[in-house]
Amino acid sequence: MFELLGVSPQALFGQLLLGLINGAFYALLSLGLAVIFGLMNVINFTHGAQYMMGAFASWMLLNYLGVPYWGALVLAPILVALTGVVIERLFISRLYHLDHLYGLLLTFGLALVTEGLFRREYGISGLPYANPLPGGINLGFMFLPWYRAWVVAISLVVCFGTWFMIEKTQLGSYLRAATERPDLVQAFGINVPRMITLTYGFGVGLAALAGVLAAPIYSVNPVMGANLIIVVFAVVVIGGMGSIMGSIVTGFGLGVIEGLTKVFYPEASNTVIFVIMAIVLMVRPQGLFGTPK
Amino acid sequence: MAEAQLAVRDVHGWYGESHILHGMSFEVNAGEVVTLLGRNGAGKTTTMRAIMGMLANRKGSITYEGQELIRLKSDRIARHGIAYCPEERGIFSSLNVWENLMLPPVVKSGGLALDKIYQLFPNLEERSSSQGTKLSGGEQQMLAIARILRTGAKLLLLDEPTEGLAPVIVQQIGNTIRMLREQGFTMLLVEQNFHFAATVADRHYVVEHGRVIDMIPNSALAANREKLQTYLGV
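Protein sequence lines correspond, in order, to chains A and B.
With the first letter of the first sequence counted as 1, position 196 gets the number 190 in the working numbering; the numbers rise by one all the way through.
With the first letter of the second sequence counted as 1, position 67 gets the number 70 in the working numbering; the numbers rise by one all the way through.
Accuracy of the hints is not assured; some may be wrong.
Claimed, not checked - Keeping only pairs whose Cα atoms sit at most 27 Å apart, straight-line, the calculated BS3-like set for lysine-lysine is:
(1) B:K111 / A:K162
(2) B:K137 / A:K162
(3) B:K119 / B:K137
(4) B:K76 / B:K111
(5) B:K119 / A:K162
(6) B:K62 / B:K76
Stated by the list, open to error - Simulated restraints, written as ranges between beta carbons of each label pair:
(7) A:P62 / B:S139: 52 to 62 Å
(8) A:G120 / B:E71: 53 to 63 Å
(9) A:H94 / B:L117: 38 to 48 Å
(10) A:S87 / B:P108: 39 to 49 Å
(11) B:K76 / A:I148: 51 to 61 Å
(12) B:R181 / A:L95: 30 to 40 Å
(13) A:I72 / B:K62: 24 to 34 Å
If you are wondering where the hints come from, they were derived from the structure by calculation, not from laboratory data.
Heads up, the beta-carbon is just placed ideally off N, CA and C, and yes, glycines get one too.
Could you build all of it, start to finish, from the sequences and the hints given here?
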């Protein structure tokens, strides 16, 4: 078979697939952040902890209640979204009239508290979660594990489903309008505070779904979100704060770029996303898909 | 006399520390077109925002069809059948014309059907997939009025619907208001242009320093022209 710059196709496609998987997580997580930021102007620093809670919820459902992966896939995001609803009602909703920074500090603090509690209870060595879809298929040029194909497919479906809901439906038009003029949308008869609460719950649910998907791939571990979320924030900045399509395309795109960097110049693979972020901020500060304010 | 459809009594309102409404009181009867006239800063827009529940700090009494609104949130007030068309029109840039038109939910039966609305404002049908804010000023104003006609609201609060528009469009909006009046809509209008107000309204309230200082029936407008010019400082 062909070789490219001395790289075997197995290595190339293997890294491409890994890049796509990482991209699927970047996209799901930055999408949730974009939905929340777009409507609420809150930078949800608890997002990484909520991703971790999704993974833990599926581990707990399996080990304490015997609920298998496919049940957890639905239940865990709903349970974690409910904690998000409570947090929004109890804390975040009191900060809307204040500067952005307060929301950021609050959610950052909540992330530290949550991660601390899980670390105290479960340690940091990580808990195993069995792969619900073992095996795979040999495509000739590479081996494709079923579970990884499933993760890419489901996140594409969820990402574009969310995009469709926000850009093409009546409910989405309420969300977009409330992003611009919440007071006027409410004066038309729409309960905007309730919509904001549910939107936060939805964004949190997306993070938890990513956590459930991650559980069989990475070990379930209290700091799994803290490590990932920094990259995800870079993705959000590159895509443009609050842009739905931006977070999806940038999430997958950067995952792939990171994977390719691992093949061709492994030394840069940990920094390539941040280098891109710096370049984008210089050339187009509003992000690739953002609109200037 | 039967109770007024909208009764505003001794309403006080604040923006932060500044006290804008100082005991605003007036009434609008069902099927009437009533204007609030007054100089800039007299509190006309603030009055509309107080009725609509968009002014956080308000006191007094605002009743609609006998029900007290003063403590309700704005979405509950809208559900009583009151709709607001703001001075800045409030067309959403992230929504196209069709989405802008369909945005306000139907709150009561008896709103205008879509084909009726397109008959009134044919431009909106032609441009239904354009971005809302790409429309001309006149078209945006028509969109802002059109979208609240669908909802079944019977009391329309129109804040300066003719501001900054070409005479031919002002005329079209005047025709629309007269047509809506014939259909039984009640309208409260804020106007700077009292020549326009005189062509559509039944009565005029003169507002100064956050309260009503005079009421002039439209039929007596000519006789009161001089007084009105002192009020408005024109």
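Problem set entry | Whether the CB-CB distance between B:R181 and A:L95 falls inside 30 to 40 Å | Between B:R181 and A:L95, where Cβ atoms are some 52 Å apart, the hint is violated.
For this session: Verify the proposed pairing of B:K137 with A:K162, using a straight-line Cα cut of 27 Å.
Result: 19 Å, holds
Exercise. Does B:K119 pair with A:K162 here, judged by a C-alpha cut-off of 27 Å?
Worked result: With Cα atoms ~25 Å apart, B:K119 and A:K162 stay inside 27 Å; holds.
Exercise. Are B:K76 and A:I148 spaced within 51 to 61 Å by their CB atoms?
Worked result: With a Cβ separation near 39 Å, B:K76 and A:I148 fall outside 51 to 61 Å, so the hint is violated.
For this session: Go ahead and decide if the range 53 to 63 Å is satisfied by the Cβ distance of A:G120 to B:E71.
Result: Roughly 60 Å apart at Cβ, these two residues keep to the hinted range, so it holds.
Problem set entry | Satisfaction of the hinted span 38 to 48 Å by the C-beta atoms belonging to A:H94 and B:L117 | Cβ of A:H94 to Cβ of B:L117: about 40 Å, so the range 38 to 48 Å holds.
For this session: Sort out whether B:K76 lies within 27 Å of B:K62, counting only the CA atoms.
Result: Judged against 27 Å, a Cα distance of about 13 Å means the pair holds.
For this session: Given the hint that B:K76 pairs with B:K111, test it: the Cα-Cα distance must not exceed 27 Å.
Result: Distance ~18 Å between B:K76 and B:K111 Cα, so the pair holds.
For this session: Hint says 52 to 62 Å; check whether the CB-CB distance for A:P62 and B:S139 agrees.
Result: Given about 59 Å between the Cβ atoms, the range holds.
Exercise. Measuring from beta carbon to beta carbon, are A:S87 and B:P108 in 39 to 49 Å?
Worked result: 23 Å, violated
Exercise. Taking only the CA atoms, is the gap from B:K119 to B:K137 under or equal to 27 Å?
Worked result: Holds. B:K119 to B:K137 sits at ~23 Å (cutoff 27 Å).
Exercise. Is 24 to 34 Å right for how far apart the beta carbons of A:I72 and B:K62 are?
Worked result: Given a distance of about 43 Å, which is not inside 24 to 34 Å, the answer is violated.
Taken one by one, the earlier hints fail for this structure at numbers 10, 11, 12 and 13, listed in ascending order.
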